[in-house]
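Chains as they are written, first to last, in this note's numbering: chain A, 1 to 167; chain B, 1 to 167.
Any given hint could turn out to be false.
Claimed, not checked - Covered, in the sense of this in silico footprint (three residues per stretch, anywhere, with C-beta under 8 angstroms from a C-beta of chain B), are these stretches of chain A:
id : segment
1  : 45-54
2  : 78-86
3  : 89-102
These are computed hints drawn from the structure, not numbers from a lab. Cβ coordinates follow ideal geometry from the N, Cα and C atoms, glycine included.
Number of protein chains: 2
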Amino acid sequence: MRILGIDPGSRITGYGLVEKQGNRLIHLDNGAIQTRARDDFPGRLQIIYRELCALIEQFRPDAVAVEQIFVAKNALSALKLGHARGAALLAGVNADLPVHEYTAMQVKSAVVGYGKARKEQVQQMVKTLLNLPEIAQEDASDALAVAICHLHSNPLKERLTAALSRR
Amino acid sequence: MRILGIDPGSRITGYGLVEKQGNRLIHLDNGAIQTRARDDFPGRLQIIYRELCALIEQFRPDAVAVEQIFVAKNALSALKLGHARGAALLAGVNADLPVHEYTAMQVKSAVVGYGKARKEQVQQMVKTLLNLPEIAQEDASDALAVAICHLHSNPLKERLTAALSRR
Numbered sequence: 001m002r003i004l005g006i007d008p009g010s011r012i013t014g015y016g017l018v019e020k021q022g023n024r025l026i027h028l029d030n031g032a033i034q035t036r037a038r039d040d041f042p043g044r045l046q047i048i049y050r051e052l053c054a055l056i057e058q059f060r061p062d063a064v065a066v067e068q069i070f071v072a073k074n075a076l077s078a079l080k081l082g083h084a085r086g087a088a089l090l091a092g093v094n095a096d097l098p099v100h101e102y103t104a105m106q107v108k109s110a111v112v113g114y115g116k117a118r119k120e121q122v123q124q125m126v127k128t129l130l131n132l133p134e135i136a137q138e139d140a141s142d143a144l145a146v147a148i149c150h151l152h153s154n155p156l157k158e159r160l161t162a163a164l165s166r167r
Numbered sequence: 001m002r003i004l005g006i007d008p009g010s011r012i013t014g015y016g017l018v019e020k021q022g023n024r025l026i027h028l029d030n031g032a033i034q035t036r037a038r039d040d041f042p043g044r045l046q047i048i049y050r051e052l053c054a055l056i057e058q059f060r061p062d063a064v065a066v067e068q069i070f071v072a073k074n075a076l077s078a079l080k081l082g083h084a085r086g087a088a089l090l091a092g093v094n095a096d097l098p099v100h101e102y103t104a105m106q107v108k109s110a111v112v113g114y115g116k117a118r119k120e121q122v123q124q125m126v127k128t129l130l131n132l133p134e135i136a137q138e139d140a141s142d143a144l145a146v147a148i149c150h151l152h153s154n155p156l157k158e159r160l161t162a163a164l165s166r167r
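Sequences and hints are given; from them, build the entire structure.
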């Protein structure tokens, strides 16, 4: 099962592609979509949407995993984040992929085994679990973490999907 | 020049289509996209996105106008609104249409002539300007108002577009 994890942001959107083969996690790709250069906001959303669509086209993941957000610094940053997150969710649903949302606590629990783990612990664990040569860029690391969270959380779903795809 | 005005919301997204011929404003369509029935959030965004794409396909507007938002009741409602607004902006930019944003004050000034007009005054003026049989549904009326705002704000741009399309 192959997962596209996304960490949306209005300036930087991190992504990470992880595949699970048996009990092994395999890192396929990660990166950060930069939108700072564009100053028109609709244009920024289009960059996020198009780049994620291109990644889905290239890697053909089975599902998309995005961190669920309940709070933000303030209403204005929440509004901007919401736009970026909307673009990310749309890239998933418009490609007919199931979109799963996980809270930060679920992601930390799945990756580190402790829901209140510090950011650095999560980054270190992502590096270890995926055999990365070094810690990934912050947003990309968060995206890989949510992808790992989905793969760890859904062993039953994964087996079902695998069984159906073998038919 | 034909404008699709949008008033995005996570539960109801209003839309309105207005055309300007010479000095006349012509009402083409208005309505509200309901997403309450769906409880999965990505699915709601997809409904907004797809219905707006279908309207763009059907009416082929020259541009999209959306109200610009700076404040919201709280961070959570701002986050939800941001998602819906992101879907609306994407429907516009993905159809290669220019997307214009106007503040509530700009919309009120353009429609009523007074930036602090009450909601009911705006609704009444939209009805009068477009010769509607009755006041449109609230969100649809707001969408018509932002479309009218764009048409009133851009006489030069409009003449240019018209001149180019006559070539």
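Hints versus structure:
Coverage of the segment 45-54 of chain A by chain B holds. Counting CB-CB distances below 8 angstroms, 3 residues qualify, and the rule asks for three or more. By the rule of at least three residues with a Cβ nearer than 8 angstroms to a Cβ of chain B, the coverage given for the segment 78-86 of chain A holds, with 9 such residues. Three residues within the 8 angstroms Cβ limit are the bar, and the segment 89-102 of chain A against chain B gives 7, so the coverage statement holds.
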